[in-house]
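**Q** First to last, the protein sequences are chains A and B. Under my numbering, read the first sequence as residues 1 to 350, first letter to last. Under my numbering, read the second sequence as residues 1001 to 1262, first letter to last.
Quick caveat, the hints were computed from the structure, so don't treat them as lab data. Built from N, CA and C at the ideal position, the CB exists for glycine as well. Certain hints may be false.
Unchecked claim - Restricting the straight-line Cα-Cα distance to at most 35 angstroms, the calculated cross-link-like pairs of lysine-lysine (DSBU-like) are:
# : chain 1 : residue 1 : chain 2 : residue 2
1 : A       : Lys153    : B       : Lys1249
2 : B       : Lys1249   : B       : Lys1082
3 : A       : Lys245    : A       : Lys153
4 : A       : Lys266    : A       : Lys153
5 : B       : Lys1064   : A       : Lys102
6 : A       : Lys314    : A       : Lys166
Said to hold, decoys possible - Some chain B residues close to chain A (C-beta under 8 angstroms, calculated; not the full set):
#  : residue
7  : Val1021
8  : Thr1044
9  : Glu1048
10 : Leu1050
11 : Ala1051
12 : Asp1052
13 : Ala1054
14 : Val1147
15 : Glu1151
16 : Glu1159
17 : Ala1160
18 : Leu1164
19 : Glu1166
20 : Pro1182
Said to hold, decoys possible - Not everything, but these chain B residues come out facing chain A in the computed CB check (under 8 angstroms):
#  : residue
21 : Pro1038
22 : Leu1096
23 : Asp1107
24 : Asn1156
25 : Ala1162
26 : Val1175
27 : Pro1178
28 : Asp1197
29 : Leu1200
30 : Glu1248
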Amino acid sequence: MSFLSVSQVSKAFGGARVVDAVDLSVERGMFFSLLGPSGCGKSTLLRMIAGFETPDHGIITIDGVAMNGVPPNLRPTNMVFQSYAIFPHLNVFDNIAYGLRKSGLSSDELRRKVEAMLATVRLEGLGARAADQLSGGQRQRVALARALVREPKVLLLDEPLGALDKRLREAMQIELRAIQRKVGITFVLVTHDQEEALSLSDRVAVMSGGRILQVASPRELYDRPNCREVADFIGEINFFHATVKEVTESSVTVNGGLLGIVALPKTNVANGITAGDHVLLAIRPEHVGIAPQGLSGTIAAATFLGERSHFHVKIPGRTEPIAVSGQAPAGESVSLEFPPEKLIALPATG
Amino acid sequence: MKNRTLLAYACFYLAFLYLPVLVLPIFSFNNSAFIAFPLTGFTTRWYEALADSALQQALVNSLKVGVVTALLSTLLGLLAAKAVTQYRLRGRGVALGMISLPLFIPDIVLGISLLLLLGTIGLPLSLASVVLGHLLICAPFSLAVLVARFEGFDPNLEEASADLGEDRWMTFWRVTFPLMLPGIIASLLLTFITSFDEFLVAYFLSGTQATLPVYIWSQLRFPARLPMVLALGTIILCVSVVLVVLAEKLRNQGVKKPMVGA
Ligand SMILES: Nc1ncnc2c1ncn2[C@@H]1O[C@H](COP(=O)(O)OP(=O)(O)OP(=O)(O)O)[C@@H](O)[C@H]1O
Ligand SMILES: [Mg+2]
């Protein structure tokens, strides 16, 4: 069994299923993220792992021990709250030492341990600072230190960087990853920011409407989303309706409408698709090529974003413009090609 | 021109508020049994006359009632305030309204109803019945002070404490209580003063054990004892002012500082 395992866990609030039969397994020492839009039940799932909410159904185990009925204060988890929940009546040192009361450390050892943790989160010398004299980034570090100092088996982070401005958030992302590597504790991070999830995590679970849609590595989520929702949520993507004509050992041939008849490698096609199925062909903007013999259209809009510039191309017979990465070429029209090995086929429903 | 009018108005207003109060200390030091100008000379004999056993008994009664009322009312207020602010409670508005209602019932109505009720169920009048009456008056004050305090209280703080290994009891002592302390003290002081000063309900419910206001009222029938009452009033006034200022200070403390963990 994996280190942290969530199996068939459900939770309803007043009739509304907020978390619906969720299964997750997280290995020891992993940086795991729960990614999903606002209100999809991420926090509720995290709070069930921490023990603040009781699942209606299902079992959560940590390191082989079932957590049902174990109150939060006795669980081997610690949490970094979205609001940070720094104790306003205690200074930085006492906030970090709060959870060490029963650790049996002498006051010297305790001091050394807290000082070491202050250094880990780069707050050296701020121990005596009052809680209300900290910047947002510093509060975030205190919340992290306070949880890490207890050396939990699993550290739970509920949108820990949500309240920071963009620059600070990016700096803290790098630091968070470095701290996780250093302490080697299993992290479970909740976020609605896909870039954050992709850049930080070893594995990401994409959630929507209380259900897990896909659990995979960031690379896999990006290259091989298993449904339209995941593909849409992780970065920009273009979709085409298509019908499956033939399925063979190594390839799948589809009628892609504007794209014509295309043969995709079997590995680009979601499981369980058979001849006659209606599917969605998807392609990332950076895989759309510009070629003289391609599908021609007119350049509708271009957005300059430095390295991430892209432009939209309007194609006759299709309402959605096609997103293409890079600088728009000179002129009004352009012709595009869609390399079959970069196209992926997803189920058209769900 | 306009400023002058405003200044005059402000002076008049303050005089109107505080002149009657000033009369009390002035005449309490006046060397005459009659309350009339001109003043005849300085004396402290009215203060010396306060060493009277009936009066001291009344004072002790009032202190007892005040302390017990303050403690009970603050405890009730604390529990109610936590319930209405921190739990998703059905009928929250109704509950708050019901608890606050006694604020709007005239004390005389409250006094008479309680007197009738106690008589009907056959409970003798005592200091305990005064405490009951005062609780009705004071609980809404406690609730108001403590709800305000709890409203700025991030419920995540208690969860954070649990998360860091403390049970409910230690969480209360290490987080909730220290953060609520200014509110609790403010509530204790306010309710103590309210009970200590209260006359009407105490008059109806105290039976043979007079509280201080009831005792003072009984003394007003004897003109010779009036200066002594003034001396007593002066002392009560001073103590009340100190307590109220203290309570207000505590109530506002921490309002400037953010209470939430964000
Ligand atoms: N204690 C509760 N009682 C009733 N409903 C709740 C409770 N907690 C959460 N909900 C509801 O459950 C749903 C999911 O909430 P949750 O906080 O898990 O979402 P989330 O994915 O963390 O969203 P966000 O990104 O906005 O934080 C929401 O619709 C919310 O209103
Ligand atoms: Mg949330």
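**Q** None of the hints should be skipped; say for each whether it holds.
**A** How the hints compare with the structure:
1. Lys153(A) / Lys1249(B): 45 angstroms, violated
2. Lys1249(B) / Lys1082(B): Between lysine 1249(B) and lysine 1082(B) the Cα gap is close to 22 angstroms, so the pair holds against 35 angstroms.
3. Lys245(A) / Lys153(A): 51 angstroms, violated
4. Lys266(A) / Lys153(A): 40 angstroms, violated
5. Lys1064(B) / Lys102(A): 41 angstroms, violated
6. Lys314(A) / Lys166(A): Measuring from Cα to Cα gives roughly 33 angstroms; hence the hint holds.
7. Val1021: Violated, because the Cβ-Cβ distance from valine 1021(B) to chain A comes to roughly 38 angstroms (cut-off 8 angstroms).
8. Thr1044: 46 angstroms, violated
9. Glu1048: This hint is violated: glutamate 1048(B) lies away from chain A, its Cβ roughly 47 angstroms from the closest one there, beyond 8 angstroms.
10. Leu1050: With Cβ-Cβ at 42 angstroms, over 8 angstroms, it is violated.
11. Ala1051: Interface hint status for alanine 1051(B): violated (45 angstroms vs cutoff 8 angstroms).
12. Asp1052: 46 angstroms, violated
13. Ala1054: 47 angstroms, violated
14. Val1147: 19 angstroms, violated
15. Glu1151: With a minimum Cβ separation of about 15 angstroms from chain A (threshold 8 angstroms), the hint on glutamate 1151(B) is violated.
16. Glu1159: 6 angstroms, holds
17. Ala1160: Result: holds, 4 angstroms to nearest chain A Cβ.
18. Leu1164: With a closest approach of 3 angstroms, the leucine 1164(B) hint holds.
19. Glu1166: 6 angstroms, holds
20. Pro1182: 10 angstroms, violated
21. Pro1038: 56 angstroms, violated
22. Leu1096: Violated: closest Cβ of chain A sits about 22 angstroms from leucine 1096(B), beyond 8 angstroms.
23. Asp1107: 38 angstroms, violated
24. Asn1156: Because about 4 angstroms separates asparagine 1156(B) from the closest Cβ in chain A, which is inside the 8 angstroms limit, the hint holds.
25. Ala1162: At about 4 angstroms, which falls below the 8 angstroms cut-off, the nearest Cβ of chain A leaves the hint on alanine 1162(B) intact, so it holds.
26. Val1175: Holds, about 6 angstroms.
27. Pro1178: 5 angstroms, holds
28. Asp1197: 33 angstroms, violated
29. Leu1200: 40 angstroms, violated
30. Glu1248: 21 angstroms, violated
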